[in-house]
Amino acid sequence: MSLLTIKNLSARVQEKDILKGFNLTVNPGEVHAIMGPNGSGKSTLASVLAGNESYEVTGGEVDFDGKNLFDMAPEVRAREGLFLAFQYPVEIPGVSNVNFMKAAVAEIRKHRGLEQLVAKDFLAYMKEKKELVELDGKLAGRSVNEGFSGGEKKRNEIFQMAMLDPKLGILDETDSGLDIDALRIVANGVNKLRSKDNAFVVITHYQRLLDHIVPDFVHVLYDGKIVRSGTKELALELEERGYDWIKEELAEA
Amino acid sequence: MMTTSILSELVAGAKSPASFKGIRSEAEGFLAESRIPSKKHEDWKYTNIKRLFDNGLNLISAENITFNSVDGVEVSWSTDEALVGSTSIHTKEAHAALNTSLFEKALVVRVKKGTQVNDELILNQVINLKDGEFTATRVLLVVEENASLKCQYHYSGSPSNSSLLNNLTEVFVSRNSHLELNYVQEIGEGNLMTTTEVECQRDSTFTTNCVQLCGSLIRNNVNIRLKGENIETHLNGFYMLNGRELFDNHTLVDHLVPHCESNEIYRGILAGKSTGVFNGKVFVHRDAQKTNGYQSNNNILLSDDATMNSKPELEIYADDVRCSHGSTTGQLDDDAVFYLRARGLDEFGATALLLTAFASDVLNGISNEELRASLEEKIQDKLKEMRG
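Residue numbers (the numbering used here), protein chains in the order written: chain X, 2 to 254; chain H, 190 to 577.
If you are wondering where the hints come from, they were derived from the structure by calculation, not from laboratory data. Here the structure is a predicted model, which is why all the values come from computation and not from measurement.
With the Cβ distance kept under 10 Å, some of the chain H side facing chain X (calculated, not the full set): (1) 522; (2) 527; (3) 529; (4) 531; (5) 533; (6) 536; (7) 538; (8) 539; (9) 542; (10) 545; (11) 546; (12) 547; (13) 548; (14) 550.
Yeah, the Cβ is synthetic: ideal placement off N, Cα and C, and Gly gets one too.
Sequences are here, hints too, so could you generate the full structure?
Below, the structure written as structure tokens:
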């Protein structure tokens with residue numbers, strides 16, 4: 002059974018239609034890359050799936066692991082195993098990363114019927130996940146994302162993803178603004194989390210990330226829907242030729 | 190004039206003991222010429238107390254402050270005029286003058302020279318005033334040279350919402366002494382007017398944190414005079430308002446001499462149809478060079494009908510100082526709430542985590558972890574009440 006099935010999804014923000022009949026099916030074990038020019042609807046897709054109320058869903062259905070995604074509040078989606086790595090992680094002064102993760106892990110374990118971790122086990126679990134993304138120990142004690150560099154924020158997103166162990170990870174331009182070292186660290190973190198049971202949707206502007214996180218499928222999003230799907234070779238072609246040839250082909254058709 | 194006569198009546202009705210004659214006559218002289226402050230009065234612009242006085246107040250005597258026994262601290266009720274009334278405010282402001290005219294005896298707390306007090310002194314004022322009852326209580330807190338003290342002052346009880354408690358606390362922080370004074374004000378539907386008048390001497394430190402959790406009307410004045418060099422003060426407040434509650438914090442930090450530091454953070458969360466007032470004055474006199482003065486007031490409104498009136502005032506007459514002040518009033522950050530929900534916290538959990546963090550800058554100034562933890566719990570309870 003597929004993990005995520007999106008059928009004919011339409012969504013708008015501030016009276017402007019962004020997604021216009023979007024379809025996608027993701028199975029466990031797969032990595033899908035979604036590429037597309039600016040304004041094509043990539044981030045809207047990520048926000049709608051995570052439940053951001055600034056976006057209005059105007060049509061379509063999304064099934065997540067057998068359940069109607071739109072019946073669930075954002076926190077329930079997270080507890081059910083959907084994780085969004087934010088394009089712009091929010092700074093939260095006064096809330097330490099440790100306390101934040103303690104609260105989040107507790108909610109998720111409760112929802113999944115797992116026993117709560119005692120303090121010692123929690124810290125050991127956190128240490129293990131921190132190493133996965135080479136996150137500096139000091140960052141964990143600091144306020145969430147406050148004063149973090151761009152690269153640190155993105156690593157913190159992947160760290161949180163590792164902590165919450167989702168079925169589906171959606172990476173919204175996690176590579177934007179990263180230097181090559183940070184990109185490698187983030188990509189390695191994701192690769193270590195890949196398994197036959199989970200799946201990833203990697204939203205990106207650049208083919209570069211896909212050298213490190215090799216996708217099973219590449220989709221081109223344009224004007225609110227997928228206009229072309231292929232394998233990783235499609236990403237290379239886009240890198241080479243840009244998006245204009247697709248726009249032109251669409252215009253001719 | 191109507192209002193003047195009410196003040197005079199209140200004073201005339203008091204069975205003043207023979208003591209405090211000197212300070213009383215001065216205060217009564219002031220009262221004879223003043224009225225109950227109205228909205229026309231700059232310091233009372235947003236806080237209408239007329240309702241309380243209109244229905245008439247019945248003065249009763251009260252000795253309702255209890256305290257624990259702590260090694261190194263002398264606590265007793267006193268009518269010794271030499272001890273009480275040496276600060277200047279009590280003859281120059283209506284409520285302070287009322288207090289000076291009406292209080293019967295003062296609770297005197299004294300830490301003798303060179304005494305470092307280990308345990309915390311806890312003052313408990315349980316207010317159970319009935320309809321129309323009014324009382325004035327007086328506290329004097331003296332920390333002598335080279336001494337130190339930590340003190341909690343709790344106002345609690347379930348007084349009537351037509352009653353009024355007037356309190357004046359005078360505080361002397363002597364040379365090279367240290368005082369931490371934490372207030373917790375949760376007085377149900379009652380009304381409280383309280384003034385803390387502080388004088389600090391050279392090389393001393395003074396920290397005060399005030400947490401306000403409930404009350405129909407709370408007017409809290411804190412005035413700190415820095416009278417010697419090398420003083421460090423921290424003046425913090427945290428308030429949570431719901432329903433039609435009105436809390437008004439007026440503070441004054443008076444830098445009279447060079448090389449002192451003052452830090453002030455007041456933060457509040459307002460829900461329902463509540464009204465908050467913050468008026469913080471920092472005065473840096475001409476001689477007070479090398480002053481470091483910092484003040485901020487931040488407010489979060491949880492409802493469209495809540496109002497915050499914030500007025501930070503900084504007056505500087507010296508030319509070599511470092512001072513800043515700022516005031517913000519806004520809503521909870523929706524992006525932050527969504528970010529936390531996207532990690533599995535429900536809406537209330539996310540909101541509570543953010544608001545607790547907002548409070549923490551003030552609460553962290555309280556050194557007693559037990560007190561801090563109990564306040565955090567009370568803040569959670571009030572948040573639940575605010576939610577619905």
